[in-house]
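J.: The primary structure of each chain is shown beneath.
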Amino acid sequence: MLGSTLAILGVLIAIFAGFAVKDVLLAKRKGTRYTFRNCLVSYGMMLPAVALAFIFVLLPIIYSLGYAFTDFYLLKPNNIKFNGFENFENIIESIRMKGDMYNAIRNTSVFVVGVVPLQIGMALGLALFVNRSKKAVGIFKVCYFAPVVISLTITSYLWLQILSPSEFGLLNSVLKLFGAEPKDFLRDPDTAMLWIVVISAWQGCGYQMLIFLSGLTNIRKELYEAAALDGATAWKQFLHITCPGLRSTFLFIVITVFVGACRVMIQPMLMTGYQSHTVTLSYYMYVQGYSYRWVGYSSAVALLMTIVIGSITLLQRRLLREKD
Amino acid sequence: MENVVIQNRQNSEAEVLRKQAQRRKTILNVVYYLSGTLLAVVFLFPLVYMLATSTKSESAYASDAGTLMMFLPDFNNLSAAAENYKKVFVSYGVWQYAINSIVYAGVIIVLNIIVNGLAGYVMAKFDFPGKGFFSFIILFLIVVPVETSIIPLYSIVKVLLGMKGTISVLAVILPATISIFNIFLFIQFFEGIPKEYEEAARIDGAGNLRIFFSMILPLSKPIVATVATFCFIGAWNDYLWPTMVLPYAEEGAWPLYPIQSALTSIQSIQGITTGEFMASLVVTSIPIFIVYVVAQKYIVQGFGSAGLKM
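Same order as they appear, the protein sequences are chains A and B. Heads up, the first sequence is in our numbering, so the first residue is 1 and it goes up one at a time. Heads up, the second sequence is in our numbering, so the first residue is 1 and it goes up one at a time.
Calculated directly from the structure, the hints in this document are not laboratory data. Glycine is no exception: its CB is placed at the ideal position from the N, C-alpha and C atoms.
These stretches of chain B come out as covered by chain A in the derived footprint (C-beta under 8 Å, 3 or more residues):
id, segment
1, 26-40
2, 59-66
3, 113-120
4, 235-244
5, 276-285
Just need the whole structure built from these sequences, with the hints factored in.
T.: Listed below in structure tokens is the structure:
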């Protein structure tokens, strides 16, 4: 591991030296010069950030690319061998056998398909709802935003209590009033993922509401006044003024919510544990890499995820931008 | 005479119309506020439930289930609330975890501002050979979505620090001190500070670090406050990474877990009551609520700069 780190460092320094030499030559041609003192001061002040960024940001990215093609097992860090596409073959095998990789893809897809429209729809609805000058609108905003403030951990544990399978859990005790038997919502394969979708949307949508609101305030008021004079209905105004005005906000929100949804992990981890009906891609990757210590295989999953998320993000950008 | 009658009739018709419009407006208002309140209930009931349950003994929790009392504190037995919170703080050691969280967050905020601020200062104000390389790396790391390098990061940290005992605290702090996006924010802000200030300070004989700490940072209060606020929220709410890198507390020793990570072990304590667990959740969320109230302005500014990411 030390050898490969030094190799990467060497390559980066070589590229940097190329840039630096080019700059020095250019300066010489122009007749200006860098003072030695100035360079030393600049590099000195950059050094902490550069060192930390190299170790904790750049290196993990480069390694996650490299590890994907190795049999890296965390307990044997000095015995790493390249094994070509074996990790990817194993992934395909797990999908074909309907193993946990298959479950992870299915559950993550269910989550993304559920939460992206739900959360964005709720956020947009709330933003339109509070986007008027009435009394108490400020209080409403604070109420709808409140769940954003608490962490995912607290959200998960709180809802775990609300959905508790005992007859004293909030939901079960209410359902009992209607004569229903206590249910274990999060162990039921049919409802567990749906609850995670609803809870995530409940927790997150206040944030997107605020972003939508700032988008709405950027739309000029005169447009609505003019449209009202021409007799446009509220629906028509929404369709022809609000929607085009919100396009860039919408693009930003779709992409961030989508990417966030693809990474979902804490909620299933804390609310259900490792279950075939709730395991998600990130969670699967984490369990393979951290609990089972198969860093190589886990990195291959991560690489696939990055490729898929990246290309879908690009596609969304293209689709939503092209209409301009 | 006839004119006056017509006038009166017109007036009263207008009056009726106005009254109708008024009534419609009132009804719409009532509908608006009713639905707004209903929505507020949907968003708040879990939080109210958490707060109310944290004041209850296990028997009150069980007897209140299924009634509206679930959302109200137990007024008959207020000492139960004090007992729950006291037990959480003292017996379950939440005060230690809370101190850990505050220390981690404090150190991360200070280091984050110094490390990324210095880098941003150099990138914004200095010219040196190879600057283009760093600009390229910063841009690359901001644009390329890297969502999944936590396992390689873990393997690096594990090999680097060995992760035994107290040294693993560094594994929590160090990766959180670097943030490419914060460097980007600092560059943007520092570029707007006029060169003359700096030149004046330099003539007075101030060194570079002196200029950075006693002039640039104080001039950049808004961006420093925004970065500090988001650092605090991030550090306080982080669960996964500290849980991965920190060891379990040994018997009798000071635990290393921050409060969020500790929730998992608190939840599995033998014989913990629902009220006590809810109290630990309340204690964990209160500092964040305070930060959101106090630093509202900077959080909104942060939202504005989040849009820059695109």
